[in-house]
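Go by the hints and put chain P onto chain G.
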Amino acid sequence: MSASLGKDLTGLEHLSPEQIRLILDTAEPFKEVSERPIKKVPALRGKTIVNLFFEASTRTRISFEFAEKRLSADTVNVAATGSSVSKGETLVDTAKNLEAMRIDMVVIRHPSSGVADFLGARIRSNVINAGDGQHEHPTQALLDLLTIRDKHGKIEGLKVCLVGDILHSRVARSNLWGLTKLGAHVGVCGPRTLLPRGIEELGVTVFPRIEEAIEWADVLNILRLQLERMEKGFIPSLREYYRVFGVTPERLERSPHPLTIMHPGPMNRGVEIDSRVADGPHSVILDQVTNGVAVRMAVLYLLAGGRPELADAAKRGVGGGGGGPD
Amino acid sequence: MRPLLLQGGRVIDPSRGLDQVADVLLQDEKIAAVGPGLGVPDGAEVRNVAGRIVAPGLVDVHVHLREPGNEDEETVASGARAAVAGGFTAVCAMPNTDPVTDNQAAVGFIVRQSGRAGLARVYPIGAVSVGQRGEKLAEFGEMVGAGAVAVSDDGRPVASSHLMRTALEYARTFGIPVANHCEEPSLAAGGVMHEGLVASRLGLKGIPAAAEEIMVARDCLLADLTGGHVHLCHMSTRGSIDLIRRAKERGARVTAEVTPHHLTLTDHACEGYDTHAKMNPPLREAADVAALRAALKDGVIDCIASDHAPHSYDEKEAAFDDAPFGIVGLETAFAVAHTELVLGGVLTVPQLIARMSTEPARVFQLAGGTLAAGAGADVVVLDLAVRWTVDASAFHSKSRNTPFAGRELSGRPTLTVVGGKVVHDLERPATT
Numbered sequence: 014m015s016a017s018l019g020k021d022l023t024g025l026e027h028l029s030p031e032q033i034r035l036i037l038d039t040a041e042p043f044k045e046v047s048e049r050p051i052k053k054v055p056a057l058r059g060k061t062i063v064n065l066f067f068e069a070s071t072r073t074r075i076s077f078e079f080a081e082k083r084l085s086a087d088t089v090n091v092a093a094t095g096s097s098v099s100k101g102e103t104l105v106d107t108a109k110n111l112e113a114m115r116i117d118m119v120v121i122r123h124p125s126s127g128v129a130d131f132l133g134a135r136i137r138s139n140v141i142n143a144g145d146g147q148h149e150h151p152t153q154a155l156l157d158l159l160t161i162r163d164k165h166g167k168i169e170g171l172k173v174c175l176v177g178d179i180l181h182s183r184v185a186r187s188n189l190w191g192l193t194k195l196g197a198h199v200g201v202c203g204p205r206t207l208l209p210r211g212i213e214e215l216g217v218t219v220f221p222r223i224e225e226a227i228e229w230a231d232v233l234n235i236l237r238l239q240l241e242r243m244e245k246g247f248i249p250s251l252r253e254y255y256r257v258f259g260v261t262p263e264r265l266e267r268s269p270h271p272l273t274i275m276h277p278g279p280m281n282r283g284v285e286i287d288s289r290v291a292d293g294p295h296s297v298i299l300d301q302v303t304n305g306v307a308v309r310m311a312v313l314y315l316l317a318g319g320r321p322e323l324a325d326a327a328k329r330g331v332g333g334g335g336g337g338p339d
Numbered sequence: 032m033r034p035l036l037l038q039g040g041r042v043i044d045p046s047r048g049l050d051q052v053a054d055v056l057l058q059d060e061k062i063a064a065v066g067p068g069l070g071v072p073d074g075a076e077v078r079n080v081a082g083r084i085v086a087p088g089l090v091d092v093h094v095h096l097r098e099p100g101n102e103d104e105e106t107v108a109s110g111a112r113a114a115v116a117g118g119f120t121a122v123c124a125m126p127n128t129d130p131v132t133d134n135q136a137a138v139g140f141i142v143r144q145s146g147r148a149g150l151a152r153v154y155p156i157g158a159v160s161v162g163q164r165g166e167k168l169a170e171f172g173e174m175v176g177a178g179a180v181a182v183s184d185d186g187r188p189v190a191s192s193h194l195m196r197t198a199l200e201y202a203r204t205f206g207i208p209v210a211n212h213c214e215e216p217s218l219a220a221g222g223v224m225h226e227g228l229v230a231s232r233l234g235l236k237g238i239p240a241a242a243e244e245i246m247v248a249r250d251c252l253l254a255d256l257t258g259g260h261v262h263l264c265h266m267s268t269r270g271s272i273d274l275i276r277r278a279k280e281r282g283a284r285v286t287a288e289v290t291p292h293h294l295t296l297t298d299h300a301c302e303g304y305d306t307h308a309k310m311n312p313p314l315r316e317a318a319d320v321a322a323l324r325a326a327l328k329d330g331v332i333d334c335i336a337s338d339h340a341p342h343s344y345d346e347k348e349a350a351f352d353d354a355p356f357g358i359v360g361l362e363t364a365f366a367v368a369h370t371e372l373v374l375g376g377v378l379t380v381p382q383l384i385a386r387m388s389t390e391p392a393r394v395f396q397l398a399g400g401t402l403a404a405g406a407g408a409d410v411v412v413l414d415l416a417v418r419w420t421v422d423a424s425a426f427h428s429k430s431r432n433t434p435f436a437g438r439e440l441s442g443r444p445t446l447t448v449v450g451g452k453v454v455h456d457l458e459r460p461a462t463t
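Taken in order, these protein sequences are the chains called G and P.
Note that the first sequence ends on residue 339 in this note's numbering; no numbers are left out.
Note that the second sequence ends on residue 463 in this note's numbering; no numbers are left out.
Next comes chain G alone, as it looks inside the complex:
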C-alpha cells in the first residue's frame, strides 16, 4: 500500500506527522542522485510538469526545475510576465488551458494566499504549492525539517526558534506546522509589529528579545527581512533592526551550546544575520539548498503515485520506474 499524500501538496497544516515523515524518508535515497556525475533517474519519465510562477523566484524555481529534470520529467516554465496572464486571463483560465494540454503537475507560486488550494480544487492535475502569499511554502519547510534531522539526528524535542518577520512569512507558517507535528518546540522572535495576531494560541513561545531566544533555542531559523517592511512602517530602520534583532557572533557566544543556524534565503547580510554567522561553522544554510532538491524530488515522486518503498529502486532505474498509477 502506498501511504498517500493525496492529490496536491498545498501546505503542511493539514498533513499528518506520518505523511511528513514519509516525504522526508523518501527524500533520503534521492539525495544521492544529485551527487552522481550523471544526475538523472527515470522515475518521472513521460510526465509533464508546468512551473507556474506569478511571483519572482530564483532559488525555489531552479530547485524545482532541477528536481523535475533529475527525475526525467518534461518541464515548462511559465512566468507571469510575458504570458497570457499579463493580458488579463483569469487564474482559472490559465490553469484550464494548461490542463487542456494534458499536463500532469503544476508547481505554482502566487502572491495571494490560498491560490494553490484554489487551483487544486479546480483542476485534475497534481498541484504543488511553491509559496502562496503569506500562507504556506511547504517544500521550504520540508527541506528545513530534513536539514534539522540531518544535523541533529532527530526533530522531536528540539527547540527551534523562527526569527524575524513571522507576520508576512509563509516559510514561518509552514515551519510552524511541520515542526509542531514532528514534536519540536517552536519559538518565534521578532518585533511585535511583525508577529501575527494570536500566534501564542498555536502553542508557540514568543521571545520579545533575540538574547532570550538564543538562550532557549537549539536551532535558529532566521527569516529574510524584506526592505518593504521598513517602507510600510513596521520597523523604523534596517540599522535598528540589526542592532536589536540581528543574529551576531557576539550574541551567539552567550549561548551555553552552539546553535544550528538556518536561513531560507536570500539573505540580507548585516540586517537579520551577520556574515560571520551565516558563514560560520554551525551554519547549515547551504545544506538547506542541497536538501531542497531532494525533498522536491520526493514530493514530485510521491504525488505522481510513486511508491516510497521503491524510491531506492527508482533511482537505480530498475522496477517501479514509471511511478505507478496516476
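Rather than coming from a laboratory, the hints here were simulated on the basis of the structure.
A few of these clues could be false.
Straight line, CA to CA, 16 Å or less: simulated EDC-like cross-link-like pairs of lysine to aspartate or glutamate [said to hold, decoys possible]:
hint	chain 1	residue 1	chain 2	residue 2
1	G	K44	G	E224
2	G	K109	P	D273
3	G	K172	G	E228
4	P	K347	G	D325
5	P	K328	P	D273
6	G	K109	P	E348
7	P	K452	P	E60
8	G	K172	G	E224
9	G	K194	G	E169
A few chain G positions that, by computed beta-carbon distances, are all more than 10 Å from chain P [what the hints assert, rightly or not]:
hint	residue
10	V128
11	G146
12	Y255
Backbone N, C-alpha and C fix where the C-beta goes; we use that ideal spot for every residue, glycine too.
Quick look at chain P alone, frame taken from chain G:
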C-alpha cells in the same frame, strides 16, 4: 384592484403589540381592517392563511442594487423581485452605483426604476459626498426632494471627521439619518478578513475590530456634538456594541443595524478561502456574534439589514485577496434569522418581525412596519413551518454569491403584498 382578505392567520403587528389570530382586510391599497371574523366585502379575494403569520412587510434599510453601472449583477427591478421573494416590501438602495447616486437626477432615476418594476418599494439613499469621494457634501436637499430617505457613502467610510460633522448637522435640516460604514481606513487598509487567529493561519491580512470601533466611537461623539442622527451600518464587533449602548444611554441620536450573516457566521467561514465568506465588515468571532445577538434582543441594535451585495460569479471565482467584498441576502435574510435566532431561542417571532419591519421603518422614518388601519397595504405572510434548502440558482437576484447555499433553513415568506397588490405568491391558488 380587488380587496384582499387574509383569513385566520396569526397576525403580528409589533407597532401595536398585536399578536392574535385574526383576519386582515386590504382595500384601496390600504389596510382597511384587522380583527377576528371580518366580513367578506363584495368581490374580495379571500385567502385562508391559517397556520401562518401575517405581518407588516419586511423593511431592509441597506441593499445594493447595482443600477446604474453593474446591471449584470443586479438591477432595481431584479433586486426588487428578490426583495419581495424574501418578504421585503421596502428596501433602501445604497448610492455606490456607477455613476454614484449623489444628485437629484440620479435619485429620481432610482425612484422611476422602482415605479416601473412595481414590486418592492425601493427608496434611494443619496451619497454623503460628491462621488463618494469624502470631500464635498452632496446636495442633500435636492436629493431628499427627489425621494432620498437617507444619505450614506456606504462601501466607503466617511473618513474625515469634519465632513461627518457637517453631514450630520446639514442632514438635520431635512430630518434624515446619515448612515455610515464605520472603518478607520488606515487600520483596515489591505485587510480582507477579520484580524485574528484564523487570518494568521490562512496568511490573509486582517481588519482589526478596533478599525470599526474607532469610527463608531467617533460617530457617537459627533452625534452628541451635532444632535444629528447617525445610523451605524452593519455592526460587527462586541466593542461597537458597548460604545452604542453607552451612546444611547446618554441620549445620543444613534441607531444601528446588523446583518443576518454577522449574527450567524464567524471568521471560520473563511477557511478554505471561501470568497463567499468575504465581506466588509468581516465575519468576526463567536464572542462578537453572541454580543450582536444580545444587542439585537435588548434593542442596542435597532434592526436587521441584509447588506445585499450582488457580485458576479467571475468576480467571486478568484483568489481571496482579489475577490470583492459582499454577499446577497434578500432571499435568505428572514429564513436565516428565523432559523438561527427564533429557533435558536434568542428572539420571539414578534421580536424578529419588529427588528425586520417595524424598527427599520422607524429608524429611516419610512411608511410601513405597521398593520394599523389606514396604513399602506404592505403585508407579508410567513410560513414558519416550511423547511427548505437554499438553492442559489433559484434566486430571483441576478447574483448567487451566498455563503448559505445548501443550508437547510426554516421559515419562508409565502405571500408578499405591496400597496394591496400581490407581488410574490407561493400560497395555494385563491379560494374564491
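These are the hints, each one checked on the structure:
A distance of roughly 35 Å separates the Cα atoms of K44 (chain G) and E224 (chain G); the hinted pair therefore is violated under the 16 Å criterion. A distance of roughly 50 Å separates the Cα atoms of K109 (chain G) and D273 (chain P); the hinted pair therefore is violated under the 16 Å criterion. Restraint check for K172 (chain G) and E228 (chain G): the C-alpha separation of about 11 Å stays at or below 16 Å, so the hint holds. Restraint check for K347 (chain P) and D325 (chain G): not satisfied, since their Cα atoms lie roughly 45 Å apart, outside the 16 Å limit.
Restraint check for K328 (chain P) and D273 (chain P): the C-alpha separation of about 14 Å stays at or below 16 Å, so the hint holds. Proximity of K109 (chain G) to E348 (chain P) is assessed by CA-CA distance (about 14 Å); at most 16 Å being required, the pair is judged to hold. Restraint check for K452 (chain P) and E60 (chain P): satisfied, since their Cα atoms lie roughly 7 Å apart, inside the 16 Å limit. Annotation: proposed proximity of K172 (chain G) to E224 (chain G) holds, straight-line Cα distance about 15 Å (limit 16 Å).
This hinted pair checks out: K194 (chain G) and E169 (chain G) have alpha carbons roughly 9 Å apart, not beyond 16 Å. Listed as outside the interface, V128 (chain G) is inconsistent with that label: its C-beta sits roughly 5 Å from the nearest C-beta of chain P, within the 10 Å cut-off. Non-interface status of G146 (chain G) relative to chain P is broken: a Cβ of that chain comes within 10 Å, the nearest being about 5 Å off. No Cβ of chain P approaches the Cβ of Y255 (chain G) within 10 Å, the least distance being about 26 Å, so the stated non-interface status holds.
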